[in-house]
Amino acid sequence: VCPTPMDLSTVENKLEGEDYTSPRQMLDDVRLIFTNAMNYNNIEQSAHRNAILLSNFFEELWRDEKTGARRRSAPAKYSVYVQDTGDDEDGP
Numbered sequence: 373v374c375p376t377p378m379d380l381s382t383v384e385n386k387l388e389g390e391d392y393t394s395p396r397q398m399l400d401d402v403r404l405i406f407t408n409a410m411n412y413n414n415i416e417q418s419a420h421r422n423a424i425l426l427s428n429f430f431e432e433l434w435r436d437e438k439t440g441a442r443r444r445s446a447p448a449k450y451s452v453y454v455q456d457t458g459d460d461e462d463g464p
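Under the working numbering, the residues of the sequence shown are numbered 373 to 464, in order.
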């Protein structure tokens, strides 16, 4: 059992409810989503691999936002794994 669960719906609800008092709080929650996915899914599972890719992409977007850079779309290197062997279980 994950001691500190977090998901995008919770982040969305916190944003809509203006529960975050700083951008850092939202950043920490989003990072927790990826950390949980990597900690509670085996490296062979697509949830783990996608968490790595999405985390890296998110960090680039966050850095771009801080510097004022704008990006139109995700680079090809961030294509997520969609092929499934059937042995994956849902992540946290």
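Treat the hints as calculated values from the structure; they're not laboratory data. Incorrect hints may appear among the rest.
[What the hints assert, rightly or not] EDC-like, lysine to aspartate or glutamate: derived pairs with alpha carbons at most 16 Å apart: (1) K386 - D400; (2) K438 - E416; (3) K449 - E432; (4) K449 - E437.
Nothing here was measured: the structure is a model prediction, and the numbers come from that model.
Hint by hint, where does the structure go against what was stated? Just the numbers, ascending.
2, 4
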